[in-house]
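Protein chains: 2
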Amino acid sequence: MADEPLPFDDRGLAYGDGLFETVLVRDGHPLLWDAHLQRLARGAQRLEIPLPDTQTLASLPGQVGAGLFVLKLLVTRGSGGRGYASPASPTPRLRWRCMPFTPQSAYWRDGVRVRLCRLRLGHQPLLAGIKHLNRLENVMARREWCDADVAEGVLCDQYDRLVETTSMNLVWQRHGALETPDLTACGVAGTLLAALRQRLPIRTREVGVEALMEADAAWVVNSVQGVWPLRQLDDAEGACLRRWTMQDAQRYLQRHAHPVLGYPHDVFDEA
Amino acid sequence: MADEPLPFDDRGLAYGDGLFETVLVRDGHPLLWDAHLQRLARGAQRLEIPLPDTQTLASLPGQVGAGLFVLKLLVTRGSGGRGYASPASPTPRLRWRCMPFTPQSAYWRDGVRVRLCRLRLGHQPLLAGIKHLNRLENVMARREWCDADVAEGVLCDQYDRLVETTSMNLVWQRHGALETPDLTACGVAGTLLAALRQRLPIRTREVGVEALMEADAAWVVNSVQGVWPLRQLDDAEGACLRRWTMQDAQRYLQRHAHPVLGYPHDVFDEA
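For the protein sequence lines, the chains are A and B, in the order given.
Positions -13 to 257 (the working numbering) are the ones given, in order, by the first sequence.
Positions -13 to 257 (the working numbering) are the ones given, in order, by the second sequence.
If we strip away everything but chain A, and leave its shape as in the complex, we get (with noise of 0.2 Å):
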């Protein structure tokens, strides 16, 4: 249990088969927990491996103290089967570490520099949304900069449609509206995206980056780290396709979001 290492056998590591979560937890108690466990719950049902008690999962945030943390947990398939054929009956393995965690709140204030990548992201609606363990496209995304300046890389899909960026969801605001991109055919469904459309009209669109270059307003959202205002869009050579001012507009989606996550949501104003 815990981090203990996995075996060679372990179908997470031959196959990618299986499921994480990465969770904000605040003095022992996970935020938007419900959210994490139902997606790990559609993951699971989705690649049909039995879940963990409940009760177990439930138990592992509170197995740290004061401060914040990131609680990763990790589900695979187990061992067994032959080859790509799963075992009738699948022993899941649960994994986690919660690690001390700062998020970049410089970035709550001063926006961040994104980057259009070159990699489209591969239709597969099988396992759109749910966060498994095959991510060699986000990591192959990642690889496409190094400059420590650039926050994130803004993903599309083959026919050029926004998707998400390499960890954050995307959402922006245009002739007044909230939208966000459609997440069906690839993609993951963020838990804080999930909470904002639960308190928010935020509309799905199947549009291309052009939605973001028309945007008042942009942002990029997860679990972890809170909303970040996108301040720069550039291309995939690095040349810029619109700036944007942090001004009041790029304040809202922070005051509906970061309440539920017990961060600042007054990080303009400080400015």
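Any copy will do: because identical chains look the same in the list, a pair fits if it lies in one copy or spans two.
The calculated lysine to aspartate or glutamate pairs, modelled on DMTMM-like cross-linking and capped at a C-alpha distance of 25 Å, are:
#1 K117 with D168
#2 K117 with D20
#3 K58 with D20
#4 K58 with D39
#5 K58 with E(-10)
#6 K117 with E192
#7 K117 with D(-11)
#8 K117 with E165
#9 K58 with D13
#10 K117 with D(-5)
#11 K117 with D39
#12 K58 with D(-5)
None of these hints come from the bench; they were simulated from the model.
Being a predicted model, the structure only gives us computed values, none of them experimental.
Chain B: place on chain A using the hints.
Only chain B this time, still in chain A's reference frame:
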């Protein structure tokens, strides 16, 4: 080394950030070894993972004695980096295991029944052809049937073009010519297929399942099992689309492939 467990934070486990090979080893001698090393090198170049030195890799197959084995070797990017971001100077991990192996020799003679899968492989040219650790599509496709009489699942891409089968490559003979699917957008470029293409004129075709139904003979091939002629093709509901009788045409590919692996190439004559 060998088949020691991998730590929780290994990127092979976290993201499938690595490569593998399965190599037939006869009496300590690896078959198609150069082709396996070449594919591994191609994968390492694509993912930008430094490979273990050739001498270390070359020493692995010799560690088993007389008899037939399958060597599975696995190289991951190791630990480190920040989330999807790779470590600047990765220390890859190499693991391997040799297992006694008995090929499905009845399939050589009797041929196999295969089944069209519902799952469509997503396009990802950046990862196509290499044997990386993101294999959930294969795992999910293999879960579409549990009939022990069905040997492999036939996989098409999202445009319904043939790609491969769940763990083998496809070759067929149509209008007197040998054909195989294009593998530049998805699928694994098998080492036995590569060896056959060096020996025989096999054309790459972007075609749907109708090409298979028109074929006079068809085979699934890999470097561990050799060549299985197709006896029957079923649709995704299990209804028969095409049957082939095991005649001389069906032997053709085995005659060229099996000597490479030390497998018999006159299995039909024995029948």
